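Student: First to last, the protein sequences are chains A and B.
When you line the first sequence up against the numbering used here, it's residues 1 to 250, in that order.
When you line the second sequence up against the numbering used here, it's residues 251 to 500, in that order.
Incorrect hints may appear among the rest.
[Said to hold, decoys possible] Simulated coverage check for chain A against chain B, where a stretch passes if three residues somewhere in it have a Cβ under 8 Å from a Cβ of chain B:
1) 46 to 59
2) 63 to 70
3) 78 to 85
4) 113 to 126
5) 136 to 143
[As the list claims (entries may be wrong)] For lysine-lysine, the following PhoX-like pairs were computed, each having C-alpha atoms within a straight-line distance of at most 25 Å:
6) Lys215(A) <-> Lys476(B)
7) Lys27(A) <-> Lys437(B)
8) Lys285(B) <-> Lys323(B)
9) Lys226(A) <-> Lys465(B)
10) Lys465(B) <-> Lys223(A)
11) Lys187(A) <-> Lys277(B)
Simulated from the structure, these hints should not be mistaken for laboratory data.
All values derive from a computational prediction rather than experimental measurement.
We treat Cβ as the ideally placed atom computed from N, Cα and C, and that holds for glycine.
Protein chains: 2
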Amino acid sequence: MSAVQPLVFDRVETQPAYQLVASMIEKRIMEGTFKPGQQLPSELDLAKQLGVNRSTVREAIRVLEQNGLVFRKSARRLVISVPRQSELASRMSRAMVLHEITFQELWETMLTLETRAAELAALRATEEDVALLDANLAATRECLEHEERLVKLDIEFHLTVARAARNRALLLAREPIGLLFYPAFYKVMSRLNAKDRLLAAHTEIVTGIRGRDPKHTALWMEKHIKDFRRGYELANLDINQPVDASPYGG
Amino acid sequence: MSAVQPLVFDRVETQPAYQLVASMIEKRIMEGTFKPGQQLPSELDLAKQLGVNRSTVREAIRVLEQNGLVFRKSARRLVISVPRQSELASRMSRAMVLHEITFQELWETMLTLETRAAELAALRATEEDVALLDANLAATRECLEHEERLVKLDIEFHLTVARAARNRALLLAREPIGLLFYPAFYKVMSRLNAKDRLLAAHTEIVTGIRGRDPKHTALWMEKHIKDFRRGYELANLDINQPVDASPYGG
DNA sequence: ATGATCCGATAGTCGGACAATAATTGCGGA
DNA sequence: TCCGCAATTATTGTCCGACTATCGGATCAT
Chain A
1 MSAVQPLVFD RVETQPAYQL VASMIEKRIM EGTFKPGQQL PSELDLAKQL
51 GVNRSTVREA IRVLEQNGLV FRKSARRLVI SVPRQSELAS RMSRAMVLHE
101 ITFQELWETM LTLETRAAEL AALRATEEDV ALLDANLAAT RECLEHEERL
151 VKLDIEFHLT VARAARNRAL LLAREPIGLL FYPAFYKVMS RLNAKDRLLA
201 AHTEIVTGIR GRDPKHTALW MEKHIKDFRR GYELANLDIN QPVDASPYGG
Chain B
251 MSAVQPLVFD RVETQPAYQL VASMIEKRIM EGTFKPGQQL PSELDLAKQL
301 GVNRSTVREA IRVLEQNGLV FRKSARRLVI SVPRQSELAS RMSRAMVLHE
351 ITFQELWETM LTLETRAAEL AALRATEEDV ALLDANLAAT RECLEHEERL
401 VKLDIEFHLT VARAARNRAL LLAREPIGLL FYPAFYKVMS RLNAKDRLLA
451 AHTEIVTGIR GRDPKHTALW MEKHIKDFRR GYELANLDIN QPVDASPYGG
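With the hints as extra help, turn the sequences into a complete structure.
Tutor: Structure (structure tokens):
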């Protein structure tokens, strides 16, 4: 039996249609044919154009959605979008948790990135950046006794410094680590009194940035982050334990 | 009409079922109920258990798949998995391209991360790491005239150093930047002769690592990366231009 | 003009169906 | 008994058709 079909050399391309559809649309986006802000054709349109079933298109759209290439505006309108850094960051964070990355690893990386960010911020911060930092400092002074707000302000402070560095790659690399860092930070703040040291360090950092002194700024950021590590240990937390998944608990 | 249903305050929670299904499964994975390596129940099973249609389950699976929480082994077996760093990295790279991140930004970040990685590698490299680096050096010496292989070996070299740093957060942060960096690197290598300088720097780095000299190692890595930037400019490439999407072109 | 109402388009979901093929089972032969 | 191949089963990929809820826009009444 086995009908000897003389047609040789066929399929090597075994890829589900929904993946093909997803990559075709992705290609259009990367090429710029579909531009951010523009809205995606309807599922039925896409299905007809691509010659597949609507279900297939829907699966493809799920893929794009998760990739952040399309974005749902009002649940009924899917628009093309540039991947949102925050989504990527949280995914990255989750990966780190699942890989059971330790606080030590996280801390080392954070030290590296934050120090550089501070240095660059000193070189590039605009007056607006400095104003934001001043405002943050002022608010921090007000909230020294309000733990939760303090943590929030600290997060904001570091983000502001990082933004002032005018380096989006750095910002992007920093974010997932920050997401995991802050729960730890909260623990430290609640267990020991490091508030004055925090304020002092922040103040010096702003001074450095205002004075366009990268050395000073970097140095104080380094001190600040190292201080935090010491705090972590003093709070009887083990730096060699994996960071926990708190961002996902609630 | 408008039946006056006395039941007040209902749905604010409008989330498609496929998203709910996806998060339920995700939850099981993050909790550890579903463990990496274990295989996902069949679509039909899931549909029955969750009381939804198979199509809905399928869409949810696409979501998980893109999140890297399940992984397809042989196209017929979906197994739970820890998100693969490489997938995340390429997604991150794509985001950077779409955000039109410049070479300058990329370079600064790479300088930061690679320098720290080198420093840590000097502290932590095992004999095995050093052996790998030696092998790479030897291969590099052999391939000095073979551009493509040289680039490949350089990529390998830096990856090996980064791995020797024993910091997965750093590794994770480094990867997406590396992905975008290498095309640029290739351009530089093909336009000017920096091969000897490359070999010299690599050699010094390995020497530093072998000698457990973080200062030396970091210094040479810094030189090496700065050298590259100079090369980039010498090759008449504009550091303020966005990096291109070469990984996606072919 | 303003608000209420109607209507079409579209997303979300469902049930069922079928082909292709990977995975497993069972059989026969060594 | 064990191995290799064939038959069977399970599962994925894809399709069709259908229904509902609702969003957006147009129409209508005030």
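Student: Decide if the proposed pair is consistent with the structure: Lys187(A) and Lys277(B), CA atoms, cutoff 25 Å inclusive.
Tutor: 24 Å, holds
Student: Would the hint linking Lys465(B) and Lys223(A) be met if the CA-CA limit is 25 Å?
Tutor: 19 Å, holds
Student: Going straight from one Cα to the other, do Lys215(A) and Lys476(B) come out at no more than 25 Å?
Tutor: 19 Å, holds
Student: Has the region 46 to 59 of chain A got at least three residues whose CB is nearer than 8 Å to a CB belonging to chain B?
Tutor: Since three or more residues must qualify, the claim that chain B covers the region 46 to 59 of chain A holds, with 3 doing so at under 8 Å.
Student: Per the coverage rule (Cβ-Cβ under 8 Å, at least three residues), is the region 78 to 85 of chain A covered by chain B?
Tutor: holds (count 3)
Student: What's the verdict on Lys226(A) and Lys465(B), does the C-alpha distance respect the 25 Å limit or exceed it?
Tutor: Holds: Lys226(A) and Lys465(B) sit about 19 Å apart, inside 25 Å.
Student: Do three or more residues from the region 136 to 143 of chain A put their C-beta atoms closer than 8 Å to C-beta atoms of chain B?
Tutor: Coverage by chain B is violated here, the residue count being 0 at a Cβ distance below 8 Å.
Student: Regarding the pair Lys27(A) and Lys437(B), is the alpha-carbon distance no greater than 25 Å?
Tutor: 24 Å, holds
Student: Taking only the CA atoms, is the gap from Lys285(B) to Lys323(B) under or equal to 25 Å?
Tutor: Holds, because 15 Å separates the two Cα atoms, which is no more than 25 Å.
Student: Counting residues of the region 113 to 126 of chain A that have a beta-carbon nearer than 8 Å to any beta-carbon of chain B, does the count reach 3?
Tutor: holds (count 3)
Student: Taking 8 Å as the Cβ threshold, is the statement that the region 63 to 70 of chain A is covered by chain B upheld or broken by the three-residue rule?
Tutor: holds (count 5)
Checked against the numbered hints above, the structure violates only hint 5.
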